[in-house]
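Trainee: Now that you have both chains on their own, put them together as the hints suggest.
Protein sequence lines, in the order shown, are assigned to chains A and B. When the count follows our numbering, it moves up by one through the first sequence with no breaks and lands on 211 for the last residue. When the count follows our numbering, it moves up by one through the second sequence with no breaks and lands on 175 for the last residue.
Among the hints, a few may not be true.
So, partial list: chain B residues that the calculated Cβ filter (under 8 Å) puts toward chain A [said to hold, decoys possible]:
1. T36
2. S69
3. G74
4. S76
5. N81
6. L83
7. A88
8. F89
Incomplete in silico selection of chain B near chain A, CB under 10 Å [stated by the list, open to error]:
9. K37
10. S73
11. R78
12. S80
13. E87
14. F109
15. G139
16. F141
17. L156
18. I160
Hints were generated in silico from the structure; no laboratory data involved. The model shown is predicted, which means the values in this text are computed figures rather than measured ones. The beta carbon of each residue, even a glycine, is placed where N, CA and C say it ideally should be.
One-letter residues, chain by chain:
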Amino acid sequence: MKIDNKTLLFFLFIFQLSPLCSQDSPDINEKSSLYDLPENMPLQTKLLWSENGLLRKTKLFNVDRPRELILRKNMLQLHQKLALGTLGLLFAQGYLGSKLKNAGSNYSKMSNNHALLGNIAIGSYFASAMLSYTAPPAVRYNKKIDSIRIHRWLSIIHFSGMIALPFLGKRVSNPGKYNITYNDALKLHRNTAILTISSMTLSALITFLPF
Amino acid sequence: MINKNIFLLIIPFVIYGQTYDINNKSKITYYGYHYTKNWDGHSDNINGVINYNFTDNKVNSCSLRVDLSTFDSGNSNRDSNMLTYLEAFNYPDVVFVSNDISIKGENAFINGKLSLHGVIKEIDTIAKLSLADGFIASGTFNILLSDFGIERPALLFKKINDEIQIEYMIIGNNK
Numbered sequence: 001m002k003i004d005n006k007t008l009l010f011f012l013f014i015f016q017l018s019p020l021c022s023q024d025s026p027d028i029n030e031k032s033s034l035y036d037l038p039e040n041m042p043l044q045t046k047l048l049w050s051e052n053g054l055l056r057k058t059k060l061f062n063v064d065r066p067r068e069l070i071l072r073k074n075m076l077q078l079h080q081k082l083a084l085g086t087l088g089l090l091f092a093q094g095y096l097g098s099k100l101k102n103a104g105s106n107y108s109k110m111s112n113n114h115a116l117l118g119n120i121a122i123g124s125y126f127a128s129a130m131l132s133y134t135a136p137p138a139v140r141y142n143k144k145i146d147s148i149r150i151h152r153w154l155s156i157i158h159f160s161g162m163i164a165l166p167f168l169g170k171r172v173s174n175p176g177k178y179n180i181t182y183n184d185a186l187k188l189h190r191n192t193a194i195l196t197i198s199s200m201t202l203s204a205l206i207t208f209l210p211f
Numbered sequence: 001m002i003n004k005n006i007f008l009l010i011i012p013f014v015i016y017g018q019t020y021d022i023n024n025k026s027k028i029t030y031y032g033y034h035y036t037k038n039w040d041g042h043s044d045n046i047n048g049v050i051n052y053n054f055t056d057n058k059v060n061s062c063s064l065r066v067d068l069s070t071f072d073s074g075n076s077n078r079d080s081n082m083l084t085y086l087e088a089f090n091y092p093d094v095v096f097v098s099n100d101i102s103i104k105g106e107n108a109f110i111n112g113k114l115s116l117h118g119v120i121k122e123i124d125t126i127a128k129l130s131l132a133d134g135f136i137a138s139g140t141f142n143i144l145l146s147d148f149g150i151e152r153p154a155l156l157f158k159k160i161n162d163e164i165q166i167e168y169m170i171i172g173n174n175k
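If we strip away everything but chain B, and leave its shape as in the complex, we get (with noise of 0.2 Å):
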């Protein structure tokens, strides 16, 4: 009697949604900014699933989580004194959980939180969202260190810019 109800439960997701598992593909970049210098690091190391139902356009949820330590922003050093600043050893993850997305042509408005420095942030993202094969969707959004009571590094004695921008590009594989 319980499986038939879980069977009559799971029926309709089975209809009308779907679930994709991260492609490994899928890519996280921030952008850094000092007076002397801009750089970037990148992450492909992005665990998560999404839950789209395509009937009605709503993506149900999405949850995405990538290890701090696997950002790369080509100098070692530079990676290590984000860790450290990150404080990685105690907030090893940064988190992005949605449950409010939704879908006007092809953007997808997602409103989420997102846990970084074991401060959690409300973000608002518009991603240009691509169904043609599989699941792409790609946007930015912007974030303030301080806003995650993160201290920022100093170069030639001024601190890196608060504000640090969020590249996302995320693909889906069918579940």
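Only chain A is shown next, with the shape it has when bound in the complex (with noise of 0.2 Å):
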């Protein structure tokens, strides 16, 4: 089955959307059990988790909470991890994009680099992310607006831009094929850099947050 750009646009989008989806959670002071499934699940999560969902259905995962609860705090902490990794990374490529501008005769290599520190930041990015989209659900989730929520949100940003660069990036290298200067094609792909990884810095630097 071929799958078409609009196609693929429309489930990314969906995907996105899913952090800001996750129902209302019970009083706080609501006794639940440990061993329950909590029913405010992210969508992205009850997809995966939720009784109904693929990972319940295929059999890799019967319901075994204890086991997914330390199985969630190692994926977050590869996640953090990783993340930071990806930042690092991306600020770098943020210096070599810069640098790029004024290359003179190793523009070419530069721009090898630029391409290859690229793909391992792309990488970097989505196995982490992968790990937080992934991860079983936690034991609840507040209703009130937390640092984590905020930090789910901000991802909605730096996971689209992280998607547009690498094909913003193809457009700068050879603006004649898509029809648009080589200033514009930059400009487009630099802004796009900024705001992606101001997103996830301020997503990172949120975490830090007391509540």
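Mentor: Rendered as structure tokens:
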């Protein structure tokens, strides 16, 4: 089955909206069993980990909350480390990218390094994102806005940016093919990169808030 | 005959002692520390009783239990992690029991046993006591996570501080 770009974008859009679609949580004082699945999971978590989720239907994971919470903890710890590494790579990318504009004879070499580092950063980013998006559900999800919820909202921006950046990079290296001027392509690529890195930095910093 | 004996045993307690149920306005708060941030979580889901003998100012005993899953730090992710590190599936409660409480003035000197993560440790704490309106005891004490065999979570490659401060305000209603 061939999936066209519109269909792919539609699914990406739905996937990206999912952090916004988590239902309200029950009152925090309501005593819930640790062994129960929370009913207010984010959409992507529900698709995978609810009682009728993909991982249950395929019998890959039966409901086993103690095991799932340990897995969640490990996945999110790895997510945190990979994300920080990715952020470092993106800053290096930004530096290389800014140098490219004024590169002379070594433009080709620098451009290749920029593309290579970009691929590593993208690989690292999506590995980190998948660890977060596919982690088993938490014990509960609060009704009020907390730092993790803002962290998830910001991910909509940087996730979209990370999808767009390689395509926008291609337009910079070959603007004629895309019927765009070099300067316009560069401006769009640079602005998207700044937005992506800024939202990712903010997303990381926000996890240090006490709430 | 047996009933009469039980009645006689109860009489002194009825005259001189008072048993309090824990009011739902009671609150236990923990304070955690990391070089990037400090945070706290609280629970008002405290079960237990306090037996207080007011004739010689001795609290006979107190017994408190808190379901760990009721602690709320305002961040569901952190609460989930806390329960994982505390192995709440195996040790779902934190329990404090004391039979050694003496009162001097407004202070209650409490020596008791705290059970957390399957480990029991002796705790000394001084609570400020008020009996004007029911029973109110409030105070703080510190624990070390390592004393209770609790692995410490890490953020940015550095673990949280070993020391956790516990603040309590226990309000009792006449039973």
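Trainee: Could you run down the list of hints and mark each one as holding or not?
Mentor: Evaluated hints:
A cut of 8 Å between beta carbons decides the hint on B/T36: the least distance to chain A is about 5 Å, and the hint holds. Evaluation of the B/S69 hint against chain A yields a held restraint, the C-beta minimum of about 5 Å falling below 8 Å. Interface restraint check: B/G74 against chain A, minimum CB-CB distance 5 Å, threshold 8 Å, status holds. The restraint placing B/S76 at the interface with chain A holds, with a minimum CB-CB distance near 5 Å, inside the 8 Å limit.
Satisfaction of the interface hint for B/N81 is found here, the shortest Cβ-Cβ separation to chain A being roughly 6 Å, below the 8 Å cut-off. Checking B/L83 against chain A: minimum C-beta separation of about 6 Å stays under 8 Å; hint holds. At a threshold of 8 Å, the smallest CB-CB gap from B/A88 to chain A is about 6 Å, leaving the interface hint in force. With its C-beta approaching chain A no nearer than about 4 Å, B/F89 sits inside the 8 Å limit, and its interface hint holds.
With 10 Å as the threshold, the beta carbon of B/K37 comes within range of chain A, its nearest partner Cβ sitting at about 5 Å, so the hint holds. The restraint placing B/S73 at the interface with chain A holds, with a minimum CB-CB distance near 8 Å, inside the 10 Å limit. For the restraint placing B/R78 at the interface with chain A, the shortest Cβ-Cβ distance is roughly 8 Å, inside the 10 Å limit, so the hint holds. At about 4 Å, the closest approach between the beta carbon of B/S80 and any beta carbon in chain A falls short of 10 Å, and the interface hint on this residue holds.
The criterion of a C-beta within 10 Å of any C-beta in chain A is met by B/E87, whose closest approach is roughly 8 Å, and the hint holds. Interface restraint check: B/F109 against chain A, minimum CB-CB distance 32 Å, threshold 10 Å, status violated. For B/G139, the shortest C-beta to C-beta distance to chain A is roughly 23 Å, which exceeds 10 Å, and the interface hint is violated. The beta carbon of B/F141 is not positioned within 10 Å of any beta carbon in chain A (closest approach about 22 Å), and the interface hint is therefore violated.
Checking B/L156 against chain A by beta carbon gives a least distance of about 7 Å; that is within 10 Å, so the hint holds. At about 13 Å, the closest approach between the beta carbon of B/I160 and any beta carbon in chain A exceeds 10 Å, and the interface hint on this residue is violated.
Hint compliance for this structure: hints 14, 15, 16 and 18 are broken, all remaining hints hold.
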